[in-house]
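First to last, the protein sequences are chains C and X. By my numbering, the letter at position 168 of the first sequence is numbered 168, and the numbering carries on one by one without gaps. By my numbering, the letter at position 87 of the second sequence is numbered 87, and the numbering carries on one by one without gaps.
Read the hints as simulated data drawn from the structure, not as lab findings. Among the clues, some could well be false.
Claimed, not checked - EDC-like, lysine to aspartate or glutamate: derived pairs with alpha carbons at most 20 Å apart: (1) Lys104/C <-> Asp143/X; (2) Lys104/X <-> Asp77/C; (3) Lys104/C <-> Asp101/X; (4) Lys104/X <-> Asp101/C; (5) Lys189/X <-> Glu232/X.
Unchecked claim - Some, not all, of what chain X presents toward chain C, calculated at C-beta under 10 Å: (6) Gln113; (7) Ser227; (8) Asp230; (9) Pro245.
Yeah, the Cβ is synthetic: ideal placement off N, Cα and C, and Gly gets one too.
Number of protein chains: 2
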Amino acid sequence: MTKTLLPLAAALCLAAPLSAQSQADAPGGHVDLAVAASEALENDTLAWDFVEGLTTEVGPRQAGTEAERRGREWAMDWLRAHGFANVASEPFAMDTWVPGDVWKARITAPFAQELIVQPLGNSAATAEGGIEGEVVFFPSVDDLRAAPAGSLAGKIAYVSHQMRPAMDGSHYGFAGPARWVGAGIAASKGAVATVIKAVGTDHHRNPHTGGTSFPEGVDPIPAAAMSVPDAENLERMFERAEGRPITLRLELNPRRIGTTMSGNVVGEIVGRKPDLPPVLLACHIDSWWNAPGAFDDGAGCGIITAAALNVARTGTPLRTIRVLMAGAEETGLWGSKAYSEAHIDEPIAVGLESDFGADRIWRFESNFRRTNPGLHTKLAKAVARFGVADSAVVATGGADLNIVRDQEGALIDLQQDGTRYFDLHHTPDDTLDKIDPAQLRQNVAVWTQVVGILANEPRAIRDAGTVPSAPAIMDR
Amino acid sequence: MTKTLLPLAAALCLAAPLSAQSQADAPGGHVDLAVAASEALENDTLAWDFVEGLTTEVGPRQAGTEAERRGREWAMDWLRAHGFANVASEPFAMDTWVPGDVWKARITAPFAQELIVQPLGNSAATAEGGIEGEVVFFPSVDDLRAAPAGSLAGKIAYVSHQMRPAMDGSHYGFAGPARWVGAGIAASKGAVATVIKAVGTDHHRNPHTGGTSFPEGVDPIPAAAMSVPDAENLERMFERAEGRPITLRLELNPRRIGTTMSGNVVGEIVGRKPDLPPVLLACHIDSWWNAPGAFDDGAGCGIITAAALNVARTGTPLRTIRVLMAGAEETGLWGSKAYSEAHIDEPIAVGLESDFGADRIWRFESNFRRTNPGLHTKLAKAVARFGVADSAVVATGGADLNIVRDQEGALIDLQQDGTRYFDLHHTPDDTLDKIDPAQLRQNVAVWTQVVGILANEPRAIRDAGTVPSAPAIMDR
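Using the sequences and the hints, build the whole thing.
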């Protein structure tokens, strides 16, 4: 973009076919940006190689553990081997919870059988041998909220929900509270344990784990997710029990192991003007202990690194492109917070994160559509050929972009199709075979196109200096 | 069929529309058979009620255990509640293997991570703490067969296969030997343990168990199935290890518990001429310990009982309809053998089994197309309206029909669409939600139609006395 500083030239560029525009961008002897993006769509292998290698050679990477450390080292080796500069791990301390290895649930009456459960992050342990209690059925977390104080004394709360697949992932917000706050609410009303219908959209017996939390002053209780088929089975038991109490024995042995070290992995494609604020591309390197983390978030790390390398093929960019593979995202954004704390005084030009699986990108969002409409529109038009629609939704950035939010900087969300995401999220089924290589390549193509433009943008990104009215966009 | 004994009348019936034919069959005041079958297609709830109840109130039913006993008792209660006569359990003794509760596998080098395994039926236990060895990769059981004698001393054999979904289930025969004989072959060549790619067509981390066997004189070794994603991950490790040995630690604690009791559940719709050989409808009541057994074979038991009750609505049939819910099918056809031994001198008119899930029936097969072409064709034409094609394939009968095979009697196979069957077979994912109620009802409709005709057939079924040439059928 160094050649298109004049407003007139910029306007011409926006109207011109993208390939012509990008040819103008590419320094001689290098691949044109549009060509690099098109080639990524056809035959990128970098993202696949990253996620295949990480899931095969490391596997699950629970935050704060030795497995996460191996993940960091594997990622640093990969970045160095592929030519990234300034590859490093930035360590931080965290308060670490581990799941243990005993996760048993058995209906003891009236329909004795095993159910399949996994503990929720921050769950307390039961006594050895387990805890038994009558199950109280709450169809939703709102029903649980309505239960009288003390009414769950000695009981086990079961919290359900009605999550369905949604392209934009919005049902995570709809159903997620069952996990996020269900156990804490139940504990505050005297429950001895909580089981929830796993927050997921599949029907496989691999429960979705994830973090839960307990309010200040409420002691953690054992908390577990049961798979959706198990939860539906339990609900059928209530229909068939004809008023007889349903009792459950639950045994879990997770524990807190105190302070351990995690770390953020960083690496750079150093720009021609390294004093300009960098473009920050984020993902997270950790996964839950039960999940190889292909969709969440090995793919995201593969996509951002592949895009950075593809942009480098078009010539050294104006700005530095920095990748941030955050540690300990799953258990409380430890890495995101640590990165912001350490680097808050170093301005970021713009932040983007890939952390919603590996299915195709369908929507472009920024938080500068009103403040820098020229750039917003240029970016949106540049990715239209990949089936990505413009949107008036204001980007809020991924979980590991705390630093950009703290700086009130520019954010872009390249929204992926999340229809399948919550089939796999936080489960053992989050494996490499779930990734569609063609959709993964579409991600890399879109990211290459967007990052290539951003890394060559000389002006401030969130606010280029003028605030004309935003372009009209049909959005629903 | 009592009204259509004359050959001419029979020929006219074959040419007439089925509804007219069936109206002729139905005694006054009862539902016409074709109507009963059509109503089953629209609104049968009996089969669903059976499989929902069994999977919800009992769950997994490992052969020879207390859980299988509860399954038998539940089924007898259901049969009695729905008006079956002569409901009984016919006990038999069996040699019982149970899976234990420790099933751990961990790659220890070079890519340390847990793999998900389940023991195969008849597996030996490892020492406590497990056994560790270098893994030797065999792409197929034929490759394992080709390994030199003694070449696996101290090693762990890994056996793969290339199973794909197939409507007719034929890939079970193609891939099944990896499980059926892989461990025995490996043991005979000195292997200390065997792991196989689970014999299944899904990509979920719930390994398919099932029986394996060891040749006479070969001591059983620990044998486990790993889920397909885990197996693919292990195979990628071989590609990435660059010749470094891959070592696995395996810990399993299955055991033989000696002789225990199982039993066959029987019940009858008693016919008007109980001295005529009965129509035998079979399924099996047991499941593997890890599987609630909705597809395998709760649905089958639901289908046959629903069909028997629907036929009873059309008036008392000429012949008795007997349902046989065999015990201990999964671990070696113990119930099928016991039933044949106990009843070999009591002729069976014809045997049919439902044991291939709950998806739609698409093909009609008998073993009397050449010996009783009139009846074969009548039956095939009667179910054509439900989307079931005639076939020249010779029926061989389900696993629990040993008595019919031993008697060289008449068999019919109502072939179900098995495309999804091996996604679920012998896994924890074999749960109620996998059953499509509409396809389940199609099964009940077809069975109602077929059993209604058979139970009112006065002549011998396999050979009615004449042997004209078989009708020409296009079959592939």
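For the hint on Gln113/X, just tell me whether its beta-carbon gets within less than 10 Å of chain C.
holds, 3 Å
Within a Cα-Cα threshold of 20 Å, do Lys104/C and Asp101/X meet the stated pairing?
Holds, at roughly 11 Å.
So if I understand the rule, the pair passes when the alpha-carbon distance is 20 Å or less; does Lys104/X with Asp77/C pass?
violated, 30 Å
Is Lys104/X close enough to Asp101/C, meaning Cα to Cα at most 20 Å?
holds, 11 Å
Please verify that hint: Ser227/X, Cβ, nearest Cβ of chain C, below 10 Å or not.
holds, 8 Å
Just to be careful, I want the Cα atoms of Lys189/X and Glu232/X compared with a cutoff of 20 Å; is the pair within it?
At roughly 24 Å apart (the allowed maximum being 20 Å), Glu232/X and Lys189/X break the hint.
20 Å limit on alpha-carbon distance, applied to hinted pair Lys104/C and Asp143/X
Cα-Cα ~39 Å, so violated.
Does Asp230/X pass the interface hint, meaning its C-beta sits closer than 10 Å to a C-beta of chain C?
holds, 8 Å
Regarding the hint that Pro245/X lies at the interface with chain C, is the smallest CB-CB distance below 10 Å?
violated, 15 Å
Violated hints, listed in ascending order, are 1, 2, 5, 9; each of the other numbered hints is respected by the structure.
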